[in-house]
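**Student:** Chains as they are written, first to last, in numbering that gives the first Met the number 0: chain W, 0 to 755; chain E, 0 to 755.
I should point out that these hints are in silico values taken from the structure, not numbers from a laboratory.
Here the structure is a predicted model, which means the values were calculated and not measured.
Ideal Cβ placement from N, Cα and C applies to all residues, glycine included.
One or more hints might be untrue.
[To be verified] Derived Cβ-Cβ restraints for the label pairs, each shown as a range:
1) Glu587/E to Lys108/W: 53 to 61 Å
2) Glu255/E to Ser288/W: 43 to 51 Å
3) Lys628/E to Ser466/W: 14 to 22 Å
4) Lys108/W to Trp69/E: 58 to 66 Å
Protein chains: 2
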Amino acid sequence: MNRLLALIAASLVAAGTGAALSAGADGMDPSLEQRFDAGISSSEMSDWMKIMASEPNHVSSPHDKANAEWELKKFKEFGWDAHIEEFQVLYPTPLAETVELLGGKKPFKATLQEKPIKGDTSATAKDKPLPAYLEYQGDGDVTAPLVYVNYGMQDDYKALQRMGVDVKGKIVIARYGAGWRGLKPRLAADHGAVGCIIYSDPADDGYGHDATYPQGPERPPQGFQRGSVVDMTLYAGDPLTPGVGATKDAKRLTREESPVVLKIPALPIGYGDAKVLLAALGGQVVPESWRGQLPITYRVGPSAPKVHLMVKSEWSLKTIYDVVAVMKGSELPDEWVLRGNHHDGWVEGAADPLSGQVALLEEAKMLGELAKQGWKPKRTIVYLSWDAEEPGLLGSTEWAEAHGDELKQKAVLYINTDGNERGFLDVAGSHDLEHFVNAVARDVNDPESRVTVGDRRRAKIRMEALSPSSHDPSVVARLKDQAKTAADPSKDFPIDALGSGSDYSAFIEHLGVPALNVAYGDEGENGGIYHSRYDTWEHYSRFEDPGFVYEAVLAKTVGRMVLRASGSDLPIQQAWNFAATMCTYVSELKKLADNKREAAQTQGKMLTDRVFEISADPTKSHGDPTALKPVPAIDFKALDAATDRLKASAKAYDDAFAANAASLSADRKARLRELMRSIDQTLTPEVGLPVRPWFKNLIYAPGRFTGYGAKTMPGVREAIEEERFDDANRYAGLTAGALNAYSDRLDQAAAVLAGK
Amino acid sequence: MNRLLALIAASLVAAGTGAALSAGADGMDPSLEQRFDAGISSSEMSDWMKIMASEPNHVSSPHDKANAEWELKKFKEFGWDAHIEEFQVLYPTPLAETVELLGGKKPFKATLQEKPIKGDTSATAKDKPLPAYLEYQGDGDVTAPLVYVNYGMQDDYKALQRMGVDVKGKIVIARYGAGWRGLKPRLAADHGAVGCIIYSDPADDGYGHDATYPQGPERPPQGFQRGSVVDMTLYAGDPLTPGVGATKDAKRLTREESPVVLKIPALPIGYGDAKVLLAALGGQVVPESWRGQLPITYRVGPSAPKVHLMVKSEWSLKTIYDVVAVMKGSELPDEWVLRGNHHDGWVEGAADPLSGQVALLEEAKMLGELAKQGWKPKRTIVYLSWDAEEPGLLGSTEWAEAHGDELKQKAVLYINTDGNERGFLDVAGSHDLEHFVNAVARDVNDPESRVTVGDRRRAKIRMEALSPSSHDPSVVARLKDQAKTAADPSKDFPIDALGSGSDYSAFIEHLGVPALNVAYGDEGENGGIYHSRYDTWEHYSRFEDPGFVYEAVLAKTVGRMVLRASGSDLPIQQAWNFAATMCTYVSELKKLADNKREAAQTQGKMLTDRVFEISADPTKSHGDPTALKPVPAIDFKALDAATDRLKASAKAYDDAFAANAASLSADRKARLRELMRSIDQTLTPEVGLPVRPWFKNLIYAPGRFTGYGAKTMPGVREAIEEERFDDANRYAGLTAGALNAYSDRLDQAAAVLAGK
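Chain W extracted, bound-state conformation:
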C-alpha cells in the first residue's frame, strides 16, 4: 500500500503537480469508490426531493422543522450517530405590507403574493408561501417619490450623481443583479433613501432569458425573489449574537443595536408590477446600460406620483434546527471531515437548497452502506444539514461559532453544496485544496460529453476566456491566464476563490477551516425561479436536471472528496497551487493601485479643466463626480518577499511530501498532520479585516460592495478600492505576515517530511 502511494506520488511529481489523494491511494480500497457509485440512485433523490419540497419550508414554518426531523430519522436509518442542535435566532416574519402608487392615472397596488400554477405542487401545497418579503429589512411606513437606481450598486450612485439626481428622502427601485441583494437597500439608506423596492427585470430574470413558467423555465411576471437583506458583509449569522453561538442563554444585542439589521423598509416585487411603477417615472432617460427589457422608456425619476411602501413584521426569536450526523473515524476520531448543505428554503425550495440536500443524503446513505459492508473512515465524518441559511447563514454560523474552539482543533476541511443542476463542475475554495479537487474531477465522468468532469471544466474555462462575461481588463486577463492553465493537462485547472452566499462562510472566513463549495450548473434553468414559489420539484425535474442525472454526478463527486479526505491519514493540502495563486493576487493588487492612481490623475485633470461641466448637456440636470483621492505609493515589498518565500517553501514541501510522505513513521505522520491540519488558520489572525473583524481571513472574503463576489487579499484590495490607503499599507504588511506564517508551517512540515 505504501508502495502504491509512493508510485502515485512519483507520477504526480513527474506531472509537476505535487501531492494529492487519489482513488485507491493511502491504503484505500481501490474498489471503494466504484461501490459508492453503484448505490447512488437518481430516482431516490427525486423521491426525497418530492417529500422535502412538498410544503413551504422557510425558517419557523412547520415543514422546515418536519424536514429536519425526517432527515434525522434518515441519518439514523443510514447508521449515523445523529442529533438535532437548536439555536434561538432573530427571525422576523411579515405581518402586513403594501406597495402602491398614489396619484397615478389609476390606483395601483402591487400584488405581493405569487399565484399558484396549475399542475405544479406549488398550487396544491397546504401551507401558504411567505409573501413578498426581505428578511431583516427595517419595517416602516413611507410615502415618497420614486427613483430608479439600476442595480443599486456603488457605480450606479456615482452615475446618479453625474445625472444630478439625489435619492435623499425618496424611495428607490432597484433591479436584481450585479451584486448581492442586501447591498441595494443598504446603499440606498446610506444615500438617504427612506425605502427600497427590488424587482426582477425580464432582461435579467424573466422572458429575456427564455419562456416563462410554466411554458418555460423563467420567472413569470408575478414571480418575485424573496431573500435576506441583512448586512452579511459585516458578519454572518444571527444578527443579535455576532461571534458567539445563539444558544438560549447567549448574550444578545437588541434589534436596534444590531448593526446588520436594515433601518428602512424594503420589499421585492415582480416585473408585472414593476412595469407600472417604472412607467410612472419622469426625469432623464437612463444610461444605456441601465435599461432592462420592459417595453417602456426607462427613466431615472423622480416620479411625480408618490409611492407608498409599508412593511410591518413580527420580530420575536425563533428556533432553528441543524441536523448533525457523525461517523466516527477509526484511527483519527479527532480529525473531522465536514460536509454540509442547508435545508431551509424560501418556499418549497426544490432547487435551492434541496437539490444539494438530497445529494448530501444520498452520499450519507452510501457512506452508511459502505460502513455496513465493513469500511471505516480513518477520520471522523460529520454531515450537517443546516437550518436558516437563507436569512443569513444562521444555522452554519451559529454552529461554527458555538463549536469554534473545537473546530479549530479538529476540522480538516468543510465541503459545502447549496443546489445543483445540469452542466459543468464548478468548485470554489481554498487553493491549497485545488490539487485535491483536480484529482477527484479526474475520476468522475460527465454524462453529456463523455469526458471527465475535470476535462469538461477545462473546456468551459477555455470557452469563458474566448467570450468573457465582463469587459473589465483585469477580469479578461485573469480568464486568459486561467484558460492557458486549463489548456495544459500537466497543470491543475484553477478553482475560484470563495466570497459568500452560502454556509462555508463561517468556516473559511471566520475560523480558517479550509473549505470547498461544489456544484454543477450552467446548463439548467434555475435562475428564473430563484427564491420564488415556483422553485418546485416539477420545475426542477423539467428544467434543471431532468432525470436527476447531475444529482448523481454531484453525489459521486462530493462522495469521493469525503471518502478520500476521511480515508487518508495524510494532509490533504498541496502548497504550490496556493503559492502560485497568491502571486497572481499580489500582481493584481499592484495593477489595481496603478490603474487607480492613473484614474485619479486623469479625473483630477478633467475636473480642473471643467471637462464634465463643459461636456454636459445644459438641458439636463448633471453634476461633477466626487474627486478621487490621489493614490500614494503603496509598499508591496513585504508582500513580494512573502510570496517569493511562499513559492520556495511550497515547492520544498510538495517535493518532500512526494518523496517521503508514503514512508513516514506514524509519529512523524502525526506531527505532519498536526502542522498541516490547521495551516489555513495562519491566514486568519485575530485582527481580522478592517471595519469587519468577524472576517478573519486575510486572503478570502466576500466584498463589502459585492456581497457574494470574493475579494482576495481583501485587507489590501478593498482598502485600495475604497481609498483607505493607510489601511492598504497596514494590511499589505499583515497579509504578508499571514503568508509568512503559512510558509513557516510549510517549512516545519517539510522538515518533518525530510526526517529532520
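Using the hints provided, position chain E relative to the given structure of chain W.
**Tutor:** Chain E in isolation, oriented as in the chain W frame:
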C-alpha cells in the same frame, strides 16, 4: 500683411503646431469672418427648411426636382454663377410589396406605410411618402421559414454557425445597427438566404431611447427606416456606370451585370410588425447580446410558420439634378474649394439632408453678400447641392467621375455636410487638414458651454475615453491616446478618418481630393426618425435643434473653412499631424496581426482539443467554428521605414513653411501650391484596393464589412482581418510606396520653401 502672417506662423511654431490658416491671416480682412457671422440667420434657415421639407423629396419625386430649381434660383439671387447638371441613373421605385406570416395563429400582414401624425406636416403633405423600401434590393417573391440574425453582420453569422443554425433557403430578419444597412442583405445572400427583412428594434431605435414621436423624439412602432442596400463598398454612384459619369450616352452595364445590385428581395419594417414575426420564431434562445427590447423571448428560429416576402419594382433610368454654383477666384480661378450637401431625402428629409442643406445655402448667401460688399475669394468656390445621395451617393459620384480629370487638376479640398443637430463639433477627414480644422474650431464659440467649439470637442473626446462606446481593447487604447492629445492645449485635437455614407466618398477615396465632413451632434434626437416620414420640420424644430441655434454654428464653422481656404494663396495642409496619425495606424496594424495570430493559435488548439464540442450543451444544436488561418509573419519593414521618413519630411516641411511661407515670391508660391494642392493624390495610386479598385485611397476607405465605418490603411488592415495574407504583404509595400510618394512631395515643397 506678410508681416502679420510671419508673426502668426512664428507663434504657431512656438506652439509646436506648424502651418495653419487663421482668421485674418494671409492678407485676409480680419473683420471678414465677423461680417460673415453677422448675417447668419437662424430663422431664415428654419423658413428654408420648411419650404424644402414641405413634400417628399426622394429621387424622381416632383418635389426633389422642385427643390433643385428653387435652390438654383436662390444661388442666382445670391449672386452666384449657377446651373443644374443632370445625370441618368438606375433608380428603381416600388410597384408592389408584401411581408406576411403564413400559418401563424392568426393571419398577419405587415403595414408597409407609415401613418401620418396629427399636427405634423407629414400628415398634410400632398405627395404620398415612398412606402417601406430598400433601394437596389433585388425583387422577388419568396416564401420560407424565418431566421433571426441579430444585426446580420459577419460576427453574427459566426455565432449562428456555433449555434448550428443555417440560413440557406431561409428569409432572415436582421435588426438595424452595428454596421451599414446594405451589408445585411448582402451577407444574408452570401450565406444562401432567399430574402431579408430589416427592422428597427426599440432597444436601438425606439422607446428604449426615449418617448416615441409625437410624445418624444423616437421612432414609433409603425416607423421604419428606408435606405439603400446597393453594395457601396465595391463602388459608389450609379450601379450601371462605375468609374464614369452617368451622362446620357455613357456606356452602361445592365441591371443584371451590375455587381452592386442585390440579388434577393429585401424590405424594412417597424418594430410593431417585427414583434409578431420575432414572436413566431422557435429554436434556441439567442445569445444575450442579440436581445432587443421587445417584450418577448428572442429566439434564433427557424420559424415553423413561413414568411412570404414579395417586392416588385420599376427599374427604369431616372434623371437626377445636381445644383452647381460657382464664385470665381480673383487670383487662382483654377484652384477650387468645393463644398457640398445633398438635397434628396427619403421622405420630407428635414434633418437628413436639409439641416445641412439650409446651412450651406445660408453660407452661400453670406459669401454672396460679402462679394457684393467687395470681397473676392482668391480661389474659386464651388457650392454643390447633390441629388441622389440616399440611393448611393449618386449625384456627387457621377459629378466627380464626369469631372474627374479636371478635379484632379484643380480641387483644393472638398467640405461635406449631411445633416446637423444640437451638440458637439464632429469633423472627420484627411489628417493633413487636422490643423486647419483646429484653427477654425478655435474661432467659433459654442452657444451652450460658452467655450469654443474646439474646446468643447476636446472635452467630449476626454469624456469618450472615460466611458468608451466599445470594449474592443484597440478602440479603448485609441480613445485613451486621443484623450491625452485632446487634454494638451499645445496639440491639435484629433479628427477621425472618413469611411463612407456621404458625398465625400468619390472625392477622397476615388480621386484623392482631401476632404472633410462636418457636423454638430450628439445632443439632438435625430436617430429615431432617420429615413422615416417623421423626419419633418416639426420634429427637427422640437427635438434636434430648437431655435436652429446649431444650424447657425454650422454655417459659421464651414463658412470659416471656405473663407480661409479660398482667401489664401498658400497650401492648406499641415504635415505633422498626418505623419503622426500614419504612425498610429501602422502600430495598430502590427497589433492586429499579433492579436489575430494569437487568436488563430488559441482557436487551433481548442479545435484540436475538441473544446467547442465538449463544452456544448448536447440538448441544443451547435457547431464548431471555422478554423482561423495561421497568421504568417507580415513584413512591416517598408511601412516602418516609410513612416519614419514621413515624420522627418513632415517636420522639415512644416518648419520650412512656418519660417518662409510668408515671404515667398509669387513664383515660388505657385510652385509650392502646385506641389501641395495634389499631394493627397499620392495616396490614391491607380492600382486601388484589393477586390474593389474603384477605391484608390490606400489610407482611407469604408470597411468592406462595416460599410460606414472607416478602415485605415485598408489594403493591409482588411487583408489581415480577412486572412488574405498575400494581399497584406503586397499592400504593406504599396501603402509604404504611397507614403513615400507623399514624403517626396513634402521634400520638394520644403525645398521650394527653403529657396532651393
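**Student:** Of all the hints given earlier, name the ones this structure violates by number, lowest first.
**Tutor:** none
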